[in-house]
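Colleague: Heads up: the protein sequence lines correspond to chains A and B, in order.
Its first residue numbered 181, the first sequence is counted upward by one per residue in the working numbering.
Its first residue numbered 2, the second sequence is counted upward by one per residue in the working numbering.
Among the hints, a few may not be true.
[Unchecked claim] Reference excerpt, derived from the structure (chain A facing chain B, CB under 7 Å, subset only): (1) Leu-233; (2) Leu-236; (3) Leu-238; (4) Leu-239; (5) Thr-369; (6) Gln-422; (7) Asp-443; (8) Asp-448; (9) Arg-449; (10) Met-503; (11) Val-506.
[Claimed, not checked] Straight-line Cα separation of at most 20 Å, PhoX-like style, residue types lysine-lysine; simulated pairs: (12) B:Lys-264 <-> A:Lys-318; (13) B:Lys-264 <-> B:Lys-287; (14) A:Lys-379 <-> B:Lys-83; (15) A:Lys-528 <-> A:Lys-515; (16) A:Lys-318 <-> A:Lys-249.
[Said to hold, decoys possible] Chain A residues, not near chain B, derived (Cβ > 10 Å throughout): (17) His-211; (18) Pro-242; (19) Asp-262; (20) Lys-289; (21) Glu-326; (22) Gln-373; (23) Phe-424; (24) Ser-438; (25) Arg-441; (26) Lys-528.
Please keep in mind that the hints were generated in silico from the structure rather than gathered at the bench.
Note that the Cβ used here is the ideal one computed from N, Cα and C, for glycine as well.
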Amino acid sequence: MAQTLLRLEDLHTQFFTSRGVVKAVDGVSLHVDVGETLGVVGESGCGKTMTALSILRLLPEPGRIVSGKIEFRGRDVTKMDDEEIRDFRGNDVAMIFQDPMTSLNPVTKVGFQIEEAMTAHNRFTASAARTRVVELLKRVRVPAAESRVNDYPHQFSGGMRQRAMIAMGLANEPSLLIADEPTTALDVTVQAQIIQLMKQLNRELGTAMMLITHNMALVASLCQRVVVMYAGRVVEEGPVEQIFSSPQHPYTWSLLRSVPRVDEARKDRLVSIRGLPPDLTNPPPGCKFHPRCPFVIDRCKVEPEPPLEEVATNQVARCWVLMRNVNEADMAAAKTSALSVEAAQKLKQDMAIQPADEVHTNAGG
Amino acid sequence: MQAAEKNPPLTAVKTDPVLLRVEGAFKYFPMSGLAGLSVRAVDGVDLEIRRGETLGLVGESGCGKSTLARLITALLPVTAGKITLDGQDITRLRGRRLRRIRRKMQMIFQDPFASLDPRMTVGDILQEPLDNFGIGTGRDRRNRVQELLRLVGLNPNFNNRYPHEFSGGQRQRIGIARALAVNPSFIVCDEAVSALDVSIQAQIINLLQDLQHEFNLTYLFIAHDLAVVRHLSDRIAVMYLGKVVETADRNDIYDRPQHPYTKALLSSIPVPDPAVERERALITLKGEIPSPVNPPSGCRFHTRCPIARVPGVCSEVEPLLEPHGARDQSAACHFAGQA
């Protein structure tokens, strides 16, 4: 059995706004084992970032952890005092963000910022920290690290900045690195390099990683296990191979089939999920995904939300239907688009009366 | 002229399978205060887009793909070169004639938040192009607006609402409806789905495909996401530092990439399948994209190319975009297909 590093139990994080209480994280339980790579996927607003910020107790106002447990190596993070939480951040868990430009201070040298991350935690002496900066930049494969420590962030490219952020995250040798959409702002070739770097660091240093992303392909590339979130809830969880080959929750299935694969010739239309994610101040009754689910049955609407139940070894899903009970014809029907064929016919008639093709007849002279 | 009279084309330009032709297009942006220096955003591009097809244009940030789109839609004047739509040179058009040609080509932009005027109702946004081109009577236009909203799957009674009342995906549908309002034959989609969540992205991709089928549209689809581009396009052109380095059928470019840059680009795209991911070999490019102010000599990819002969032909002679590999495939590389 792998040793558990971090365990969330029934975590509720809410935002108290003038519009009402937003249940951003609504009873999330998950764990990360030592040295493991976990992917947390879902669309914007599903609560994946708020889960991560809850772990570090970095929630923006007016957000609050309302109930639940965050256990790191047996210590409850929600009960730590200010001193302890400062020590916990960086030393135990570090986080890197999507936009490496806004996370670095533009008026301070990159090397100094990494050094500062270390001296703030009293783990390294000032001189040890200084030599370690170059070592860290080398570790994240920044070329000519000796001279680039003296550069300012604007002198770094986007990929280099993200490398510097990772170096800063690793500075105090945390056992867990949370990466929130670390490559979304980067070009594809750079994205590939960063993901490769994270893989190598996971192998070399044994740092556990929690990758928060909407990109299923990145999860397939980096992670061993995946948690799928929807409307503040975990809807499915399991080993990456199983989740990708046999997803059981319709939301997971839709997410996987809504993105084209570069290695496949176009065979088929994409699955599109109708409607929009729910308003978290007033989520729908029953299963929260039911208004958008292509395989919805009456039970999903009237009964309380289904529990997370084991659907295969190590795989759990929160669904009354489960994909293994859905037939091919219903799956094909999920590949809709918004187009109204009726309106298209009408418009074509209108446009035929007022053709746009007058360019040829009038532009002659 | 004489040759044309002796052997007249069967029926003028209409039979030309190519709708849009870019010939030797250049766009240099002079840098203020630095006499003689300029950003060579588009640096000699030849391209053809055939009627009814989707041409995918891919490349990393700064490769010039958006500038090229703006040249093609005559939103920016070319520094040199010729762009013809339906046989008509659009680079020399001014005034009323330019307006007429604009009606045939429309654009869908990346950011559905920035590309709709927040102070206009959706109805006004959709009616504006109809007003501009004087299409139909007032009542015709109002009806057309309702049909357009219905076309893209929005409630036609929403025409009095403002853009902020819609989600990102809905706004992008409004942007699509606006582009279709004047019955164009050619639409440029500049990163039209990049800013959207994956499930919404699929809605828009399916909608674009259906619209193309219904209205017989020709698309130039610009994106950095090669998977989306492969899914939507018939042919794909790859740009690097202001130049097209490879064009081919969407399947050939993936199965048999001829240019080392195309290969590297394809190798860096993750696939949502852990079994494939374990085997995927990443071709890492060294260094960074050079400055378009002073691109490298010879082949401009030679500074990062894994197979370049430097010093040698690659750093001295600029390769031309020539047929390599499959039928209809061209690559600008001295050692095409040898990576």
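Colleague: Each of the hints needs a verdict: does it hold here or not?
Modeller: Hint check results:
1. Leu-233: A:Leu-233 check fails; min Cβ-Cβ to chain B is 20 Å, beyond 7 Å.
2. Leu-236: violated (25 Å)
3. Leu-238: violated (24 Å)
4. Leu-239: violated (23 Å)
5. Thr-369: Since the shortest Cβ distance to chain B is 5 Å, the answer is holds.
6. Gln-422: violated (9 Å)
7. Asp-443: Where the cut-off is 7 Å and the nearest Cβ of chain B is about 5 Å from A:Asp-443, the hint holds.
8. Asp-448: violated (9 Å)
9. Arg-449: holds (6 Å)
10. Met-503: Because about 16 Å separates A:Met-503 from the closest Cβ in chain B, which is outside the 7 Å limit, the hint is violated.
11. Val-506: violated (18 Å)
12. B:Lys-264 <-> A:Lys-318: The given pair, whose Cα atoms are some 27 Å apart, is violated under the 20 Å limit.
13. B:Lys-264 <-> B:Lys-287: holds (14 Å)
14. A:Lys-379 <-> B:Lys-83: Violated, at about 48 Å.
15. A:Lys-528 <-> A:Lys-515: violated (24 Å)
16. A:Lys-318 <-> A:Lys-249: violated (37 Å)
17. His-211: holds (20 Å)
18. Pro-242: holds (22 Å)
19. Asp-262: holds (36 Å)
20. Lys-289: Correct as stated: the minimum Cβ-Cβ distance to chain B is 20 Å, above 10 Å.
21. Glu-326: Label holds. Min Cβ-Cβ 18 Å, cutoff 10 Å.
22. Gln-373: Incorrect as stated: the minimum Cβ-Cβ distance to chain B is 6 Å, not above 10 Å.
23. Phe-424: At about 6 Å from chain B, A:Phe-424 fails to clear the 10 Å cut-off, so the statement is violated.
24. Ser-438: violated (4 Å)
25. Arg-441: About 6 Å separates A:Arg-441 from the closest Cβ of chain B, which leaves it inside 10 Å; violated.
26. Lys-528: violated (7 Å)
Taken one by one, the earlier hints fail for this structure at numbers 1, 2, 3, 4, 6, 8, 10, 11, 12, 14, 15, 16, 22, 23, 24, 25 and 26, listed in ascending order.
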